[in-house]
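Novice: Given next are the chains, with one letter for each unit.
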Amino acid sequence: MRELIKKLTSIYGPAGNEELISQAIREEIEPYVDEIEVDVMGNLIAHKKGNGKGKRIMLAAHMDQIGFMITHIDDKGFLRFSNLGGISVPYSINRRVMFKSGLAGVIGYETEIDSWKDITLSKMYIDIGASSKEEAEKLVKIGDVAVYHPLFSESNGKYISGAMDDRAGCALLVQTIKNIESTPHDLYFVFTVQEELGLRGARTAAYALEPDIGIAVDVTATGDTPKCRPMAVALGKGPAIKIKDASVLAHPLVKDLMISTAEKHNIPYQLEILEYGGTDSGAIHLSRGGVPSGVLSIPCRYVHSDSETIDASDMENGVKLLTKILEENIDFNDIGLS
Amino acid sequence: MDAKQFLGQLIDVPGVSGYEDKVSKLIMKAFEPYCNEVYRDAFYNVYGKKLGSKSGHGPKVMLAAHLDEIGLMVKDIDDKGFISFTNIGGVDQRILLSQEVYVHGKEKLFGVIGAKPPHLQERKEAQKAVPMKELAIDVGLPAAKVKELVSIGDLITFKSPLVELEGTNVCGKSIDDRAGVVVMYETMKELEKLVFSGEVYFVATAQEEVGTRGAIISTNKINPDIGIAIDVTHGDTPDAPKSDTHAMDKGPAIGVGPNMHPKLTKKLMDVAKENRIDYQVEVAPGLTGTDARSMQVSREGVPTVLIELPLRYMHTTVETLNMENVKKAAKLIALFIASMEEGWEECLTY
Amino acid sequence: MSDLLRRLTEARGVSGNEDEVRQLIIEEVTPLADEVRVDRMGSVIAYKKGTRSNKKVMLCAHMDEVGFIITRIDDNGMLKFATVGSIDPRILPSKRVRIGDKAIPGVLGIKAIHLQEPAERERAVKVSQMYIDIGAKNKEEAEKLVKPGDYAVFDSECVYFGDNKVKSKALDDRVGCLTLIEALKSSYPFDLYACFTVQEEVGLRGAKVAGYSIQPDMALVVEGTTCSDVPGVDPHKHSTRMGEGPAISIADLASYSNKKLVSFLIQCAKNANIPFQIKESISGGNDAGEIQRAAGGIMTAVVSVPCRYIHSPSSVADLDDINNTIKLVQEFLKGCEAI
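Residue numbers (our numbering), protein chains in the order written: chain D, 1 to 338; chain Z, 1 to 350; chain C, 1 to 339.
Only chain D is shown next, with the shape it has when bound in the complex:
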């Protein structure tokens, strides 16, 4: 698991540019699934067949990460950029970034900073060491995207890296695919694109797949650091079963299925209420005539920074829980009753 997370977090894949990470995930899972394809949007969709008696379940983890899109190259070779997804302004200054080619850059700021409140992305630039526009244009063109420079660390059972959001979720799905021995269900593991830009990949994939149930796997915030925004989720206390965020109210039946499976197998879990943010289930549950959907969350500190921190045991327990959910029969007879 550690090696898988390290590998997946190190691969370049900002929103709209998921080709490399998609290829890497495909290589990991291809031997374990029945069919695999890439759709128009770029979603990687892997199908593991059931016995015809189960449900159609769509699992979603997004491959994309937040990034910096180059919008202008100035005469001296400095790059101006816009945020691609929810880039945090204070998290970005003087951080290192990486382009698809591997080229590194540093994010600088125009003037001395008097007040953090006045900081805007339009006053920032990326320095790639070029000394003229011509030199810079040989390395980068407008529309290219940089990501936080990947660096994986480990500390006392915690994994630290950029792009944990949501490569941790991708890793969890990859490991689950490998672990599942048999399933009654038709499982569609979707590694989605452009989640950070508004759950775009999940929306079209859900439309195409028409699942009975949707489950997204994504990171969530925690409330276990000094004087942080209060939230009853902590690292190391198990995967979190989402109750709500700004994009979805987890369907009670899916949420209860997750809880009862965790209790049945003595897998630690936490309940999560996120008062902001959203994830792929937000798009999946509103597809066509509605898809009962839930979310399995991986507690993560410092989300959307280059030091997103997760707990190794939460990942292990998350895989265990998801595997059990998908291997067992699901009895949802009491929905849609008249």
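Any given hint might turn out to be false.
Stated by the list, open to error - Interface residues of chain D toward chain C, partial, derived using beta-carbon atoms under 10 Å: (1) T71; (2) D75; (3) N83; (4) K141; (5) A205.
Claimed, not checked - So, partial list: chain C residues that the calculated Cβ filter (under 7 Å) puts toward chain D: (6) R90; (7) H236; (8) I250; (9) E280; (10) A295; (11) G296; (12) G297; (13) M299.
Unchecked claim - Below, computed lysine-lysine pairings styled on DSSO-like, alpha-carbon distance capped at 30 Å: (14) K266(Z) with K102(C); (15) K227(D) with K124(Z); (16) K60(Z) with K327(Z); (17) K237(C) with K133(D); (18) K267(Z) with K189(Z); (19) K259(C) with K138(D); (20) K242(Z) with K126(C).
Derived by calculation from the structure, the hints in this document are not laboratory data.
This structure is a prediction, so every number in the text was calculated from the model and none was measured.
Where a beta carbon is used, it is the ideal one built from N, C-alpha and C, also for glycine.
Since chain D is already given, all that's left is putting chains Z and C on it; use the hints.
Specialist: The following block gives chains Z and C in isolation, referenced to the frame of chain D:
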């Protein structure tokens, strides 16, 4: 059952967005005598299907009024048994202090939203609204008992039964938009007296307060020819600008703006005029905060109209409604449906 | 072209009330298309059957424009209003408008400078402080001409001026409509759907249902986009530059253009010697956002004519940019089937 009785029953049943099981069952039961078929889907949208008695190719009409209500949800329980909470839908934090609530845990627990007494507050503090994150619910039980009965994610509703005020006004919680559901109920009754062709789906929609989610799902399922959204709008109060509110005694408001189909809206107004039903005009320059905005853009598009009941103190526990407007709206909608004669497709064009 | 552009930009068509411009477009495209229909939201879809393949290509331009809606008539006969679509309130004082189906003329009044306190002159005027004066004596008289819910539009003549420039209202996106009409004049091997959408300015709403009902294999959106190459703006905030050709979008807040389509557009421009620019901003959004996400996902790209002073009565575009956009779209259509 008359309209007021039904409204009283409806607002007593919890149905916070996403958890509308109970209220949806109550609505199904009420709709049954007046519909050919009543069912609900996995998201607790309730569908009452009523067929016209007249032969011929009539339209498929979908009415939508949302059955969910705003409320609170347990976020955490502290070591002393105080319950902290978050909101589901738009709750004004200023109304929360010393509000009576029910916490729907393993048992239904009565509780109050407490606060630091005024004499312990610093003067500056007293001038600010208490933020929701500093408020807590006291259910009067020891911490161990609270933790046994209540868990994170449990729902909290306000205690505020229906009260009759002067005239035909009533007051209570969740009249937004249970009053709309009552309008549908009264419309069914009105339609019993009328002859019409086609089929009418009365849909009590879920999860409107968190983004018209039930309407997105149910409109996609029904794929109607015509959509009619029924919701509430602001009634006139001394502290609100006249241009943003509507009189309580001048009939329901008809929505005008990009979300609403112009010809269909004109027809609705014509039906009101012909039958001497008063109405007001609600101008909505952008997206309306109602199911109409999602119904219109479902699938290949659904020509939609919007009818709103003026409501004072929206999203509080003392929402105030004039029951006369419920009756007027129901009558108008029923007559509107019955007015769809041969060639009705014409009013869906541009 | 210049006459058609004048008629297109002068036609009234505030989001939700596109009647006049819709009628004009229907008249223009009917002789060119095999079938013209108005969908359930009011968008015009002109269909041109392909000569052989069954591939579906969608061209999209929105016909609606920003404007106003009357909310209330005051006792003194003045009209209160709200904006439809995004308009900077600071551009409003002292402009002319036309209201309702009968195009009643009105002016956006403001208290004379003599009557303003010095501090007042420094503050931007808010929409809630403004009103439209149609010259009515009182409420009763105003009500004979106007009612709440009537739409109003900037009153602005199309003027050709300067060095090959045009000034008008609604260049965003009547330049796109013009491009689509020009494209309909040729035949293609694939089925072409030229969509003139409604309600783009209030949330890409017409494109949402049009994209769903057509579900094309690919879609090209033709827009009028912001161009801020004016004094006082840093070069990295220009977004596009006037006279440098059609702007190709990599991404904006609503959509991420399909990479194959983008590189094909660039190749088309290079092969045909058409000047082009890559849009240097990812702010804003257009119909591509909803089309891309319609149904199971659709390949989309966006080309835009740079327009200065967008969303005002006096937006300005360069005629060469418009012609080159028309050319680029035609080049794209010649070869896009192979993508």
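Novice: Now tell me, hint by hint, if it's right for this structure.
Specialist: Results of checking the hints against the structure:
Because the smallest distance between the Cβ of T71(D) and any Cβ of chain C comes to about 5 Å, under 10 Å, the interface hint for this residue holds. Interface restraint check: D75(D) against chain C, minimum CB-CB distance 9 Å, threshold 10 Å, status holds. The beta carbon of N83(D) is positioned within 10 Å of a beta carbon in chain C (closest approach about 8 Å), and the interface hint is therefore held. For the restraint placing K141(D) at the interface with chain C, the shortest Cβ-Cβ distance is roughly 8 Å, inside the 10 Å limit, so the hint holds.
Given the 10 Å rule on beta carbons, the hint for A205(D) holds: about 8 Å separates it from the nearest Cβ of chain C. For R90(C), the shortest C-beta to C-beta distance to chain D is roughly 21 Å, which exceeds 7 Å, and the interface hint is violated. Interface hint at H236(C): satisfied, since its Cβ lies 4 Å from the closest Cβ of chain D, which is below the 7 Å cut-off. Interface hint status for I250(C): upheld, as the beta-carbon distance to the closest one in chain D is roughly 3 Å, under 7 Å.
A cut of 7 Å between beta carbons decides the hint on E280(C): the least distance to chain D is about 5 Å, and the hint holds. For A295(C), the shortest C-beta to C-beta distance to chain D is roughly 6 Å, which falls under 7 Å, so the interface hint holds. Because the beta carbon of G296(C) sits about 4 Å from the nearest beta carbon in chain D, less than 7 Å, this interface hint is met. Checking G297(C) against chain D: minimum C-beta separation of about 3 Å stays under 7 Å; hint holds.
Hint status for M299(C): holds, given a least beta-carbon distance of 6 Å to chain D, under 7 Å. Taken as a hint, the K266(Z) and K102(C) pair is honoured in the structure, with Cα atoms around 17 Å apart against an allowance of 30 Å. The suggested pairing of K227(D) with K124(Z) holds, with an alpha-carbon distance near 22 Å, which does not exceed 30 Å. Taking the CA atoms of K60(Z) and K327(Z), the gap is near 23 Å; set against the 30 Å cutoff, the hint holds.
Distance hint between K237(C) and K133(D) is fulfilled; the C-alpha atoms sit about 17 Å from each other, no more than 30 Å. A C-alpha spacing of about 22 Å is found between K267(Z) and K189(Z), which places the hinted pair at or below 30 Å, so the restraint holds. Of the supplied pair hints, the one linking K259(C) and K138(D) holds, its CA atoms being roughly 20 Å apart against a limit of 30 Å. As the CA atoms of K242(Z) and K126(C) are separated by approximately 17 Å, the hinted pair is consistent with the 30 Å bound.
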